[in-house]
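J.: These protein sequence lines are chains C and S, in that order.
Each residue of the first sequence is one higher than the last, beginning at 1 in our numbering.
Each residue of the second sequence is one higher than the last, beginning at 1 in our numbering.
These are computed hints drawn from the structure, not numbers from a lab.
Be aware that a few hints might be false.
It does not matter which identical chain is used: a pair holds within one copy or between any two.
Simulated pairs of lysine to any residue, SDA-like, Cα-Cα distance not exceeding 20 angstroms [to be verified]:
1) K85 - P95
2) K480 - D582
3) K317 - E590
4) K317 - L172
5) K506 - A324
6) K46 - M1
7) K491 - A575
8) K506 - G327
9) K251 - E418
10) K536 - G474
11) K251 - G412
Protein chains: 2
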Amino acid sequence: MPTYTAPTKDMQFVLHELLNVSTADTPGYSELEADFTAAVLEEAGKLASEVLSPLNTVGDSEGCVLENGVVRTPTGFRDAFEQMKEGGWTALDLPEEFGGQNMPYVLGTAVGEMFSGANQAFTMYQGLTHGAASAILVHGSDEQKATYLPNMASCQWTGTMNLTEPHCGTDLGLMRTRAEPQGDGSYKVTGQKIFISAGEHDMAENIIHLVLAKIPGGPEGIKGVSLFIVPKFMVNEDGSLGERNGVSCGKIEEKMGIHGNSTCVMNYDGATGYLLGEEHKGMRAMFTMMNEARIGVGMQGLAQAEVAYQNAVDYAKDRLQGRAVTGTENPDGPADPLIVHPDIRRSLMDQKSFIEGARAFLLWGAKMIDQSHRGGDDDAEGMVSLLTPVIKGFLTDEGFDMTILAQQVYGGHGYIEEWGMSQFARDARIAMIYEGANGVQALDLVGRKLPQNGGKPVMAFFDMVKGFIKENEGDEALKKDFLDPLKEASKHLQAAGMFFMQNGMKNPNEALAGSYDFMHLFGHVCLGLMWAQMAKAAQAALEGGASDTAFYETKLATGRYYMQRRLPATAMHLARIESGADPVMALPAEQF
Amino acid sequence: MPTYTAPTKDMQFVLHELLNVSTADTPGYSELEADFTAAVLEEAGKLASEVLSPLNTVGDSEGCVLENGVVRTPTGFRDAFEQMKEGGWTALDLPEEFGGQNMPYVLGTAVGEMFSGANQAFTMYQGLTHGAASAILVHGSDEQKATYLPNMASCQWTGTMNLTEPHCGTDLGLMRTRAEPQGDGSYKVTGQKIFISAGEHDMAENIIHLVLAKIPGGPEGIKGVSLFIVPKFMVNEDGSLGERNGVSCGKIEEKMGIHGNSTCVMNYDGATGYLLGEEHKGMRAMFTMMNEARIGVGMQGLAQAEVAYQNAVDYAKDRLQGRAVTGTENPDGPADPLIVHPDIRRSLMDQKSFIEGARAFLLWGAKMIDQSHRGGDDDAEGMVSLLTPVIKGFLTDEGFDMTILAQQVYGGHGYIEEWGMSQFARDARIAMIYEGANGVQALDLVGRKLPQNGGKPVMAFFDMVKGFIKENEGDEALKKDFLDPLKEASKHLQAAGMFFMQNGMKNPNEALAGSYDFMHLFGHVCLGLMWAQMAKAAQAALEGGASDTAFYETKLATGRYYMQRRLPATAMHLARIESGADPVMALPAEQF
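Construct all of the structure, not just a fragment, from the sequences and the given hints.
T.: Have a look at this one:
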């Protein structure tokens with residue numbers, strides 16, 4: 001059975017030696033001292049590895065079952081959910097007045113990586129609730145907040161997000177679900193929503209559905225979409241639960257993975273709903289949470305890569321097969337462990353160098369969310385808004401690829417379900433799709449985020465990279481191994497941006513045909529930047545006489561691997577981008 | 001439900017306009033006139049799309065069930081197997097004297113792509129039988145051939161290959177299964193084999209297991225391995241079936257995909273076996289079939305990419321979502337079809353340009369198998385031996401990636417099982433693992449095939465590329481769009497080979513750390529070569545006044561896409577290779 005070990009040490013390194021959270025001037029960050037975050041991560045790690053991880057394969061093999069309108073979650077999920085609630089893990093970063101812990105988002109993200117890595121399907125029940133609660137927190141009336149938030153913060157009630165319909169996903173303007181005003185401030189919501197994660201299950205007393213719908217007579221298309229609160233059970237004025245609302249689960253989808261989460265077709269038959277935020281401003285309400293939600297999905301990509309890597313390493317050390325070509329390394333055994341073989345190393349180093357770079361990138365993004373939300377820092381908001389599609393798209397694409405590499409280390413044992421490696425790949429696959437398919441992330445990046453604010457965030461990004469290089473190029477080792485490759489990769493990114501500027505005006509397809517490659521090119525530059533910064537931190541620790549020299553030397557070697565072996569991808573992406581729209585758009589549709 | 005359309009037209013183009021099979025001087029090729037191959041492919045295509053394809057999702061959802069030692073295949077499989085037998089599709093390229101059709105392997109490969117594309121799990125029952133029959137054909141005594149081949153050629157009896165044991169897959173020298181001589185020419189075979197495809201099922205009267213085992217007292221390790229014929233039911237002298245042999249299925253594995261094929265744990269408890277070939281020469285016997293078997297797996301990678309692509313194209317044309325950024329293309333509909341969006345095009349062109357290049361590469365490889373086996377052409381044997389790991393490794397890695405791209409076109413609908421896209425990805429995944437995991441293919445390529453025969457085959461490959469470029473560089477259009485990029489990519493491949501030569505002698509890890517990238521670099525150069533040759537053929541057809549100009553213009557545009565958008569990967573692989581062993585091998589094992 002696969003296992004999960006919380007990467008506490010690496011998270012501590014990122015939080016304190018790279019991001020220096022406890023000395024940052026963001027409100028709430030002064031509490032994030034190393035001892036405190038270590039204690040939180042330690043406890044979260046215990047829950048992850050001891051409770052959630054053993055249930056991961058159970059959830060996969062049992063799945064969720066719909067019987068007579070009731071969804072049964074896999075064996076053990078209810079108990080584990082109780083433990084998560086009792087431990088106070090359901091609302092780390094929600095305000096204390098509603099029962100949250102008011103911790104910074106950056107810490108919630110680190111904890112979230114642990115829970116997702118241990119059991120993605122399970123953690124989604126809490127994650128969706130957190131997303132819905134955040135929407136109510138930002139857009140709800142005081143009454144709505146008082147009615148829903150305390151029970152959602154504790155996960156007594158869970159939440160869902162209802163966007164997709166059978167005929168529309170990305171293009172929500174085509175939505176057919178309608179909400180008829182009833183004159184008493186409430187609405188009757190009617191329509192069908194699909195792919196609703198945690199739409200129905202047996203782990204909560206009530207489920208609070210957030211539903212996008214159109215109010216008849218409103219504007220056409222996406223501008224006529226409003227957001228509604230539709231509880232499964234009506235909530236009485238005293239807070240007790242009333243009668244069942246007109247919403248039900250019609251079907252559970254059979255999926256490639258995340259079987260432990262109930263992905264429901266939800267039928268709304270004149271269900272009572274309450275407007276959340278303003279009429280026809282439903283998309284805006286969704287968008288305010290989008291950075292967080294997408295960063296959360298990027299986190300899932302990293303988390304599955306991490307757990308798959310951990311198990312691949314264990315197997316590579318344990319499985320005896322063949323002999324090292326440079327001479328036997330395990331003379332007493334019948335063969336050497338897999339890890340002696342260079343191609344197994346290549347695979348593990350690809351994984352390790354991605355994971356640690358991605359974790360730094362993710363937590364940097366989360367820190368900027370805090371700077372924006374807690375500190376009102378507009379520059380941080382602009383930067384994280386620019387980088388969000390990169391975090392989501394690049395981390396989930398690469399995260400999935402890494403689970404495939406990890407699975408491959410197991411040979412045939414990776415293909416059978418017994419070892420759990422197949423599940424990591426199947427679960428990781430969804431993150432490339434939901435919360436905006438990665439092609440949509442690339443479109444968002446190139447079509448909206450690059451030109452945003454006159455290009456200010458992207459210029460700020462380049463200035464930051466240049467600034468870091470300039471500031472540190474006196475350090476010869478850092479320059480050669482890290483800054484020079486970063487400079488080269490960053491030039492490729494700039495050249496790609498320049499190509500879009502020069503050609504995209506005349507023909508937007510010239511930019512959009514390269515959008516996906518641009519997202520990956522950008523992702524590599526970000527990870528290159530993270531590695532250069534981590535290398536600097538590791539050098540500083542070694543020069544400062546840190547006792548755990550192996551940790552910092554490993555960090556440097558892993559970073560050098562990324563710069564030498566992964567960053568060369570930027571030239572390829574640039575070449576693809578600079579070939580422009582012609583090769584991509586050449587064929588008439590009927591010739592495909 | 002997904003569909004499959006046999007790519008007959010494209011296969012005909014490759015067979016007749018690229019490979020010119022009917023005018024080649026290989027024995028049997030003169031029969032391969034265009035009308036004849038068209039008729040064969042047409043009929044095979046009907047069976048594939050009308051019979052095998054509709055059973056693909058059935059096989060996936062039902063899987064195989066073991067009850068009381070008997071394995072039940074999915075509903076409809078038995079009938080379909082009868083149709084395959086009745087149509088004479090089970091032994092296209094086996095000799096007529098044993099009931100085969102004696103057709104060239106190249107045609108069998110084209111037909112095999114169709115069957116695999118329509119239903120990989122089903123086709124494996126026949127494929128494994130073919131492999132086992134080929135081994136008996138080459139290594140069996142006259143009596144063994146007479147006893148087994150006619151029934152295997154007709155698939156009245158099916159076959160299996162038993163190599164892997166729980167503790168050893170790649171490193172078969174660790175094998176524990178033993179075969180005790182009984183003094184009467186037979187052996188008692190005892191041991192456990194795992195991952196045995198089609199090990200037990202209900203579609204054949206008998207199952208002929210080929211089993212690797214050690215004869216006690218023989219040489220240690222891989223040199224003491226022999227190959228045995230172990231029938232499920234003993235065969236009486238008159239050819240009738242006798243008593244059940246001591247072999248049974250202990251378990252069916254739960255797998256990520258190919259659920260329609262029964263992957264069995266096979267227990268041999270003193271089962272009666274007969275030596276096939278010579279004592280202790282079992283691995284050699286396996287190796288003689290290895291090129292074909294591995295090319296057959298490469299074919300599966302291509303086949304899954306093809307069927308996934310076909311369905312992605314259908315969906316992209318059908319699904320209305322968003323508007324073309326350059327102006328509405330479907331004004332009467334609520335939205336434009338997905339295929340108007342540049343990033344969807346990018347994905348479909350990646351798929352299409354891979355698939356058509358891969359098909360040419362595959363059939364060229366199959367043609368060389370014929371040149372070697374039928375024509376005794378040692379140069380062809382050397383070349384196909386060199387390219388086999390590239391065909392297997394590159395086509396299955398890329399084929400899997402393409403199924404992921406195709407699945408992504410469906411958004412959330414790609415993740416649920418209903419549309420069948422998940423199955424294509426899950427089924428394609430195994431091809432990267434079995435018949436030698438792709439890391440082992442890369443090792444074979446760099447460690448064995450490059451130095452083989454003093455490097456003669458790889459030099460011949462470079463000469464061929466250079467020769468083709470030189471011969472055609474007077475053609476300006478061909479030169480700019482195809483020959484120049486091919487020359488550049490080929491230089492990268494040569495530089496990589498040079499790096500291995502200069503550094504691998506001192507330290508073999510310098511070569512092996514780059515072996516995987518070398519396999520991909522080589523694959524891109526091969527597909528670049530195929531595209532350059534196909535472009536030449538397409539130009540010739542257009543200049544010759546071919547009526548179907550759209551087909552040839554599409555061929556040229558698709559080829560240009562490959563050269564511009566995919567070939568730039570070669571520089572990245574070279575950069576990774578030239579970074580050498582240090583970054584890969586830097587960490588002590590305990591630091592992973």
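J.: For each hint, tell me whether it holds in the structure or not.
T.: Against the structure, the hints come out as follows:
no. : hint        : in the structure
1   : K85 - P95   : within (16 angstroms within a copy, 69 angstroms between copies)
2   : K480 - D582 : between (38 angstroms within a copy, 15 angstroms between copies)
3   : K317 - E590 : between (52 angstroms within a copy, 9 angstroms between copies)
4   : K317 - L172 : between (49 angstroms within a copy, 19 angstroms between copies)
5   : K506 - A324 : between (57 angstroms within a copy, 15 angstroms between copies)
6   : K46 - M1    : within (17 angstroms within a copy, 44 angstroms between copies)
7   : K491 - A575 : both (13 angstroms within a copy, 17 angstroms between copies)
8   : K506 - G327 : between (61 angstroms within a copy, 13 angstroms between copies)
9   : K251 - E418 : between (28 angstroms within a copy, 13 angstroms between copies)
10  : K536 - G474 : within (12 angstroms within a copy, 54 angstroms between copies)
11  : K251 - G412 : between (34 angstroms within a copy, 15 angstroms between copies)
Hint compliance for this structure: every hint is met.
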